[in-house]
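Colleague: The chain contents come next:
6 protein chains.
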Amino acid sequence: MLTDNNMRALLVGRFQPFHNGHLNLVEKILEKSDSIIIVIGSAQHSYTLENPFTAGERLEMISAVLKESVHKDFYIVPVEDVDSNSIWVSHIETLVPKFDVIFTNNPLVRTLFLDKGYKVESTSLHDRSDLSGTNIRKKMLKGEHWEQLVPVQISKYIKQIGGVKRIAMIAKSDKATL
Amino acid sequence: MLTDNNMRALLVGRFQPFHNGHLNLVEKILEKSDSIIIVIGSAQHSYTLENPFTAGERLEMISAVLKESVHKDFYIVPVEDVDSNSIWVSHIETLVPKFDVIFTNNPLVRTLFLDKGYKVESTSLHDRSDLSGTNIRKKMLKGEHWEQLVPVQISKYIKQIGGVKRIAMIAKSDKATL
Amino acid sequence: MLTDNNMRALLVGRFQPFHNGHLNLVEKILEKSDSIIIVIGSAQHSYTLENPFTAGERLEMISAVLKESVHKDFYIVPVEDVDSNSIWVSHIETLVPKFDVIFTNNPLVRTLFLDKGYKVESTSLHDRSDLSGTNIRKKMLKGEHWEQLVPVQISKYIKQIGGVKRIAMIAKSDKATL
Amino acid sequence: MLTDNNMRALLVGRFQPFHNGHLNLVEKILEKSDSIIIVIGSAQHSYTLENPFTAGERLEMISAVLKESVHKDFYIVPVEDVDSNSIWVSHIETLVPKFDVIFTNNPLVRTLFLDKGYKVESTSLHDRSDLSGTNIRKKMLKGEHWEQLVPVQISKYIKQIGGVKRIAMIAKSDKATL
Amino acid sequence: MLTDNNMRALLVGRFQPFHNGHLNLVEKILEKSDSIIIVIGSAQHSYTLENPFTAGERLEMISAVLKESVHKDFYIVPVEDVDSNSIWVSHIETLVPKFDVIFTNNPLVRTLFLDKGYKVESTSLHDRSDLSGTNIRKKMLKGEHWEQLVPVQISKYIKQIGGVKRIAMIAKSDKATL
Amino acid sequence: MLTDNNMRALLVGRFQPFHNGHLNLVEKILEKSDSIIIVIGSAQHSYTLENPFTAGERLEMISAVLKESVHKDFYIVPVEDVDSNSIWVSHIETLVPKFDVIFTNNPLVRTLFLDKGYKVESTSLHDRSDLSGTNIRKKMLKGEHWEQLVPVQISKYIKQIGGVKRIAMIAKSDKATL
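Residue numbers (this note's numbering), protein chains in the order written: chain D, 1 to 178; chain Z, 1 to 178; chain E, 1 to 178; chain V, 1 to 178; chain P, 1 to 178; chain U, 1 to 178.
In isolation and in its complexed conformation, chain D is listed as follows (with noise of 0.2 angstroms):
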């Protein structure tokens, strides 16, 4: 679909935080694409225990990273939810540029995706459970060590809008009232 045999990969997440485990698969798409399109979804959720970051701050740190490992073109998109499963595809493909291949191991998006047509491949993660954004989001919380977790410019952006403070706040906060 793009011009020169360039192959153009999508990938998506919510990215709270973009961990090692998402850089890690970055980089081994790129060695198989040309460019990569990284989806931020649920761009409109933050200040929540599963979103406690800002799409713009995802946005901020995961360019941060990438512009330091990765030596291809990237595109990061932030994407707000739709209502409706079966038009999300098509809301992403509106957003985003022309892409080729989506890596993903979740079964949905693979049938949303084949669905439409598209190309699918499967993200071969080790199975390191502790790589996770609901694993990070825990430890910041308990007062654990996460950085090591994370690329060092994830850590060094978190603490410096006060991140973990943030998620602390939220944790204590009653949500009724909200």
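In case anyone wonders, no lab produced these hints; they're calculated from the structure.
Incorrect hints may have been included.
If chains are identical, the list can't say which one is meant, so a pair holds when it fits in one copy or spans any two.
Calculated lysine-lysine pairs in the DSS-like style (CA-CA distance at most 25 angstroms, straight line) [what the hints assert, rightly or not]:
#, residue 1, residue 2
1, 138, 67
2, 67, 98
3, 116, 139
4, 159, 28
5, 116, 172
6, 156, 116
7, 32, 159
8, 165, 116
9, 172, 67
10, 67, 32
11, 159, 172
12, 116, 98
13, 156, 72
14, 98, 119
15, 67, 116
16, 139, 32
17, 172, 119
18, 159, 116
19, 119, 142
20, 98, 165
21, 98, 159
22, 142, 165
23, 98, 32
24, 156, 98
25, 142, 172
26, 156, 139
27, 138, 156
28, 165, 119
Add chains Z, E, V, P and U to chain D, keeping to what the hints say.
Modeller: Only chains Z, E, V, P and U this time, still in chain D's reference frame:
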């Protein structure tokens, strides 16, 4: 409200999927009414465990059943959810033909329609707990027999579109990644 | 895509109101197709000069016509607008039964469906400029004869609900106050 | 509907800004009613030529006037627009206290409330064409005197927030860039 | 920000229902402020177990209490939720009069307003766990005494609209059918 | 706000399409700033006369230009419109990296950002009226030369996706049918 003393009934459900209990109910309603409107609720949802089928698929399935089973007029109308229960009746009124009576056993639906001046009748479903969408989706997921709980047109259609496989795939998916 | 070599057509319009040109078109489409889906667009609009009738009223009117005029399967589905043209086809796909071919003379609709891989056919409406919703609503407003431009079930229904008076009242209204 | 034979009236407007015609109308309504609900329509709009003031500013201004001019109970409620005229009455009902009668000269508003079974009364505004929000905003834009057309609390407030300068700035703006 | 050294406070809650703890808080705030804005949050929700009363009902109830208990200016403004916490403060600012200080014990609300440069004060509610909306709704559902936990105008109003019966009915409802 | 005395600028536009005036402006801004955020406004619109290109296409086009023309960091972020001007700045803040200064000649944009405490600078575009999206789209529609008004990467991309033909097709379409 309708001309010529015609009586038109309204029935609301998500129909994930439409099963023998629903069909039995439609037949009983049409003994007392001249026509029926079937509202397919939560029309915007699909490809989730609670709502595996799109509104279009549900419309097509239910239509296939009623064309063969029912000899009175029926309307099948997909309706998306609204955020606010208190405007829900008004939302329904806008999207469907005029109606005279609502059949429901749901106390909230009963109250919302009674408050707008509608006649509401109870549905005398024999309490067969296996005849529920939740139970049927659970059986599909476990690989148990579910086909005998739905009209034959429904089981045929679900097989044709790979519906059981779809539910399995949704169950395996890490929802967070979406 | 449909079983048994059945061909299903899609026709999109606002049908404010459904007129003889629409009926003629439906009949022509059904000469070449086994069934038809009629999408009632802009379903959320009503009580405006452009869209005087609710989706429910339009559904009821069109259904009254087709039940007497057409002897093949038809589906009538109200569909609310979406903000984004580029996800519009996907939105339609979610809400209606599967279809094989789209009939339209609208170049944009043609392109949007062609881009998704659909077969699109032109509609050979004899160019009778009086057969348009705009013209019919204008005649209603001026107190001129419009009844001969629509099927008899339509004119009967519009009279029954006081449709002409409604349009006059909308025209007199100061929209700004709403 | 209200206890003790109290009569509560509803008045809807955008109040951009609230002027002497509005105040006069409120006073007349309160001669016949025990309390009044003032709905600030199009509450989501502001910083446009049609709607320069935010809902909060409008609420604060109108409140300042009524506290000094009116000696019966009043409620001022900002209400965002809904897409669909046919659910508009239901939307209002959800957001304001119960009411008995609507005062309006707008034929559409009249019809929408009559259709829901409400009592609707006309407003006998002496037809002073200079007493309209449109006219007042036009005078502000041209640098003409407008202060005598609004209650003194309104002109004072608008000056305090730099309202005339805001309208000038909106007029100069290339809307397309937003 | 306000003229004449007036101090205006903001208080946010869902008030399902407004109880003696809320009233006590309002009175304490008004010892330190000249006026108060009460934001009725989640205004779009009603007829659910968490949010049984409409925004209009809540507005009417709270107004009935404050008119008799409070002798300073108050504003009561229904505000619908927004999807995004990070734009929530801006959403509030648009819909209510200008304010100087926020009273809250919620750490997230505190942070969101602090980040926008507002002054935030803690509320020194004596920790009476029975004075919570959740507890009161639970008592209503169990048929226990709840009347003594709310101002007399509130209990009278809730009885008048059949509020306890409404909550019972919602509890019995099969939510899935909606 | 950014570390190490870095200055980051924000530029907002619809870029339908990005032209030589835009590029010139970006270059001037980057003489005074260390990095730039380009917000693609009205991201949800496409396939209309005002907004022919999708946000994804615009992102891809602008990226192609800046990668070759600019040697400082840039971020390109699609942002959907919000209904309310008064929350627009907050919406932008949520979706993009932190920034220090806004470049705009639009008085409204200037005011909205100034009111939130931002530094706003004027853009000294030489007033070439032919360098506007409106003019370029008009030339495309008339079959006139437009290629010299945009960077070469833009004209190449627009030709590749059939952009001129798309605009012609939109112009021919009867919008009402959608």
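Colleague: Checking each numbered hint in turn, tell me which of them this model violates, lowest number first.
Modeller: When the structure is compared with the hints, numbers 1, 3, 4, 7, 9, 15, 16, 19 turn out to be violated.
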